[in-house]
Structures are given as structure tokens and as C-alpha cells.
Amino acid sequence: MLPDSNGYYGNFGGRFVPEILMGLLEELEQNYNRIKKEKWFKERFKQMLADFVGRPTPLFEAKRLSGKYGFRIFLKREDLAHTGAHKINNTIGQAILAEAMGKTDIIAETGAGQHGVATATACAMLGLNCKVFMGTEDIKRQYPNVERMKILGAEIIPVDSGTKTLKDAINEAIRYWVTHADKTFYLIGSAVGPHPYPSIVRDFQSVIGREARGQIRSKIGRLPDMIIACVGGGSNSIGIFWPFMKENVKFIGVEAGGKGERIDQNAATLTYGKPGILHGALSYLLYDENGNIYPTHSVAAGLDYPGVGPAHSFFKEAGRAEYHSISDKEAIEAFYELSELEGIIPAMESAHAVAYLKKLKGKLSRDAAVIVNLSGRGDKDLGEFEESR
Amino acid sequence: MKDIVIYFTYGLTSEDELLELFRRMKKIGVSAVELGVPFSDPVADGPIIQEASIRALKNGGSLKKAIEFAKKYKDKLELPIYLMGYINSFYSYGLSGFIEDAKAAGIAGAIIPDLPIEEFAGFRKEAEKRNFALPVIISPLSSEKRIKMLAKAATGFIYLVPRMGTTGTHTDDFSAAKEMIKKINSPLPVYVGFGIHNAASLRSVMRIADGAIIGSAFIKRYLDSGRIDEPINWLREVAGN
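Sequences listed follow chains Y and B, in order.
Under my numbering, think of the first position of the first sequence as 1, with each following residue one higher.
Under my numbering, think of the first position of the second sequence as 1, with each following residue one higher.
These aren't lab readings, by the way, just hints derived from the structure by calculation.
Glycine included, every Cβ here is placed at the ideal spot set by N, Cα and C.
Careful: at least some of the hints might be erroneous.
Unchecked claim - If you want the footprint, here are the derived chain B segments under chain Y, 3+ residues with CB under 8 angstroms:
1) 54-64
2) 89-99
3) 114-123
4) 139-148
5) 156-169
To be verified - Restraint-style ranges between C-beta atoms, simulated for each label pair:
6) B/L19 <-> Y/K36: 55 to 63 angstroms
7) B/S96 <-> Y/G362: 48 to 56 angstroms
8) B/S143 <-> Y/E247: 19 to 27 angstroms
9) Y/K363 <-> B/E100: 46 to 54 angstroms
10) B/E100 <-> Y/E333: 45 to 53 angstroms
11) Y/G362 <-> B/P47: 52 to 60 angstroms
12) Y/N11 <-> B/E100: 16 to 24 angstroms
13) B/S96 <-> Y/G70: 49 to 57 angstroms
14) B/E126 <-> Y/M245: 29 to 37 angstroms
15) Y/E247 <-> B/A121: 40 to 48 angstroms
With the sequences and hints as input, model every part of the structure.
Next comes the structure, spelled out in C-alpha cells:
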């Protein structure tokens, strides 16, 4: 079973946190294992996903893109979920869990702002207090999301330390958590962090893959040959991969290649990193010979993170998934290509997954079916984009 | 006679200054030093030790150099050294190589706040076999069951944190710590750390525990002045020597 009872996916995962959080994580694990099986919880989560998030999200056959690349391309439209990205699946699940555990003070970190918006949204709907930690660099480049969070009643805590991006937002959220540990629920946005977070996020995001399974079957009468998803921390990718785990379906995770191979110019953890420990888990990580974490770069704030969820490290070592990287430039090209050919403006993060299609040209047969997880929409990126154009 | 343990980040000063710091601490009656290993992402630390870590990294401070320092001046230091740092520094060094090199350098042990006793059992076993101390941290949220487990697993000493939070936030109320100490059943000394910032808080701790660990309040005086005289003078004053 994955993970094992100690929270390990093969050699990866675990719970590397200060003692003050150990009891809380045990409590969370016990509560989650109990509550997730309860009928009221399953029904409430399902209903919220349907009535509030707008699920199921469609699976769209991108015919012009398919024509260009020579195989069948289907887009899982997480960009159509409420708030514009897959992040809401997880925040609804965790917010209901927090409420059931009697926790009313929610904290979250955010990079691109999508998880922050999704957390603020879930908290507004359930009447919970919400604080979002966000790097000042990300506040600048994803400003529309900052405004949305404020409108939704969340308090934004700007983080000016270190790289001023997602990694440092998490550091500061953890510092707040250890200081207010008894009252606070940390609503982690990606499939990272100490056990049981990677599994909780995976479970709540697996709705993506479960839906896609049924949808592709009814469209082509069989499972797809390949699934492509972008990987930052790895929540949208694990969400779509997981329900196909035991099937003969190839998984491609696409990381942020940034400006190039040089250290600090990318955020391609599984491509250039090695096993290490950050933010509570043992997983692939980008760090130097003394164990210090490298600064990262990506045009997509949501991928700009030096770590990755433990399930992906396991998939890499077990050969269950392949991980490749796509440069900023390639992602920007794909952003325009999808907009122009299909009328869908993707999030910069998701554009990395779309960009990988180009690498497959001429390598797949005409009737091969590929699902790309379109994890979010691109409205948030327009400001940033004008600058980089 | 109760113990005073001082936390100081390796790499913050030159090695000569650090040697001098050890000499003067010994003179005031400090009983051990927690030599901080600077790390890029110190999530358990407040602003003061974060700043110390950033400066030390800029100066090239690392676990490797801290061990080399201890080895080079093994016979001159006169105070036992416990390294204190985050697990990725030790993990990237190589855990078994670390114990071997640290032992050879005469280092007494290591305190790793983000390595709970449940993880890397092999590392704990090897440390115990080689008589290398791995003190545990007990927090105000540790259950009685966990306190029992932690006290049993500890070697060297027990590090009791009297409140929630990162390093460096002042604490004046140690009543909760007093209650926690009663629950700890161990022959090892119990030291209280986090939040000791003046003579009164040090006295309060000395009344209830076997010793006190002082970090941020000491380092702050170095960061502000850039001289080792300031933290030493402050310590002499609060320790009443």
C-alpha cells in the first residue's frame, strides 16, 4: 500500500518536522483516516464538488491541436473548475476536514496564488478564518490573485525573506504554524509536506483522474495511451495519474526548465535534483553540496519550487513515470498556441504540459490518445506575460 | 551548580574569534556549546537566528567546516560541542560518515529539530552504539505518551521547549515547563531553552531545570555589535558572575 504506515512511498516521504508538530500530524492522520470513510463526509465532498466547484470538468478533444501533432489530444479542463484551477478540489476537501476537526483558523501558502484563492474561497464558503502566506515576488507577478484573495476576505501575509517565492512562503507558514500550533489548521496546497499531507492532497485531487477515466472510455472506448501533466509540487499530476496507476498508461510529468540547465535558472527538481529533506518530507530536491536549498526560477510561479511530492520521487525511481522539463520559452509558445488553435488560454503552469506535445510529434500513431491535464486557466498570467513578451 | 549552554552559529565569526569566544564562555562558567550549522531554510528559527544563518552562509559556514574547526582545535576548546542544525545538512553530508567524522573531531552530539525519533532509526542506533549523543526536544504539545518515548530515546540531555513558536520570542512564564519537567522520567539532565532573555528568566529556569540554553538573546548582541565582547558581557551580567 502506498504510502506505508510510516508515510513512505518507497524510499520517499516520512515526517520530518519539529516535535511540536508531531502530535498534530498524528491527530490529523487519525482524524483523516476515520472521517474520509464516513458517509456524511463522502457525500458532502461530492456534493460540494458538483454544486460549488462545477464538477465534473469536461474532457475536450482538441482537434486542431491533434491535427497539428498527428495524434489524438484530449484536454482535462480543470481550468473550468471554480476559481480557475484544480486547486479548489483539495481546498474544499481539507476545509471540510478542518471544520470536522473543530479547527477554524486556516493558514495556507501560495505561489501562483491559485491555491491561495482556492483556500480563501473554501474558507469564505464555510465561514473559516483564512491567512495566506505569499512571497513578495509572487505578489508582484500574480497580482490579480492577490486582489481576489482580499475580496474573499483572506488576510495576505507578504513574505520578504529568501527567494520571496513559494519556498519562503512555506517556511513562513510553518513558522506561524509552530507558533500557533494548537489552534491552526495548515491547509497545504500541493502533494508535498509531512505525512499525511501528500496522501490527503492526492486523495482529494484524484477526482481528476477518476473523471478522466470514465470520460475517455465513453469517448474512445478505451483508456488513453499517455497522460501529461505539469509538476511543481505535483498535485494536479498525482491527481490525474493516481487512478490510472495500475493501468498500461504512460505518465509524463513536465517540470519547469526555466531559462536553462544552470543551477538557480530552473525548478526541474526530478530532472536535476537528488534526494533530500525539506518542508517535512524526504524527496527529490535541488540543493548544494552543503545541503542548502538552491534558489529556483520559472516563468510559472506555481512551478517555482525546489522540491516535489514524495509520490513523484517514487514514480521516478520505480520507472512508473517519466519526468521531462520544458523551458520558459517553450511554455510561452505553447500558451499562445493553445490560445490560438483551441480558444483556451492556459495557466503558465499548464502551458508546460501542453508544450510537451511538440516533443511527441512524429513519435505516436494517428489513433494514439493523449490526455493533457489543463490544470488552470491563464487569466492570472496576463500581466506578467506582457512584460516577458 | 547548574548548567548554562550557549547556542552560537558557526560561520558568524572568524575561527580566531570563535576560539576566543569559547575561552571566555568557559571562564564565565558556560558548560557546553551548541554550535549552530547554518542552513538556507531554518523553519524552526525566529528572525535573529535566521539572520545569523544568512550571515554565516555568506561567510561560507557549513557543517563540514564546523566539524573541521572542532577537529583542528580539539585540544583547545575545553567545552563540549553539540552541533545543532537541520536534517538536510546532515543528510547531504552522509549520516554515518557524519557520526564518524564528528566523533573524530571530539564533538559530543547533535541536536536536529526536524529529525523526530521516528525517522532514520538506523542513524539513532549507530549514534548510540558509538556513544554520540542525540538529545531530544520535548514541546508543550508533546503528549504524556510521547514524553515517555522521547525521554527513553534521548541521549546526552533533554531539551525542553517551554512554549510554542520559533526561537527568540521572549518567555517569562515557565510554569508550564515546571509541570512538564515533572512528567519527564529520565536520568539525563533537562535543559530549558527558547525564550530566555534576561537575568530574571534565567533565574526562573534555573529554579526548575538542570540548566538553561541561551541562543537568540546572546547572538543578537553579537549581530548588533559585530564584536564578541557584547554577548560575553551581557552573559556575565545575567549569569551573575
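Tested hints:
Remark: the segment 54-64 of chain B is confirmed as covered by chain Y, as 4 of its residues place a Cβ nearer than 8 angstroms to a Cβ of that chain, reaching the required three. Counting residues of the segment 89-99 of chain B whose beta carbon lies closer than 8 angstroms to any beta carbon of chain Y gives 5, which reaches the threshold of three, so the coverage claim holds. As drawn, the segment 114-123 of chain B meets chain Y at 5 residues by the rule of a beta-carbon pair under 8 angstroms; at three or more, the given contact holds. Counting residues of the segment 139-148 of chain B whose C-beta sits closer than 8 angstroms to any C-beta of chain Y gives 6, which meets the bar of three, so the coverage hint holds.
Under the rule that three or more residues need a Cβ within less than 8 angstroms of chain Y, the assignment of the segment 156-169 of chain B holds, with 5 such residues. Distance hint check for B/L19 and Y/K36: the Cβ-Cβ separation is about 57 angstroms, which falls inside the suggested range of 55 to 63 angstroms. At about 49 angstroms, the beta-carbon gap between B/S96 and Y/G362 stays in the expected band of 48 to 56 angstroms. Between B/S143 and Y/E247, the C-beta spacing of about 42 angstroms breaks the proposed range 19 to 27 angstroms.
Judged by the Cβ atoms, the range 46 to 54 angstroms given for Y/K363 and B/E100 holds: they are separated by roughly 49 angstroms. Roughly 51 angstroms separates the CB atoms of B/E100 and Y/E333, a value that falls within the hinted 45 to 53 angstroms. Checked against the hint of 52 to 60 angstroms, the C-beta distance between Y/G362 and B/P47 comes to roughly 55 angstroms, which is consistent with it. One distance hint, 16 to 24 angstroms for the beta-carbon pair Y/N11 and B/E100, holds here, with the actual separation near 23 angstroms.
Evaluation of the 49 to 57 angstroms hint for B/S96 and Y/G70 yields a pass: the beta carbon distance comes to about 53 angstroms. In this structure the hint that B/E126 and Y/M245 lie 29 to 37 angstroms apart at CB holds, the actual value being about 36 angstroms. Range check, Y/E247 to B/A121: about 36 angstroms between beta-carbon atoms, so the 40 to 48 angstroms window is missed.
Taken one by one, the earlier hints fail for this structure at numbers 8 and 15, listed in ascending order.
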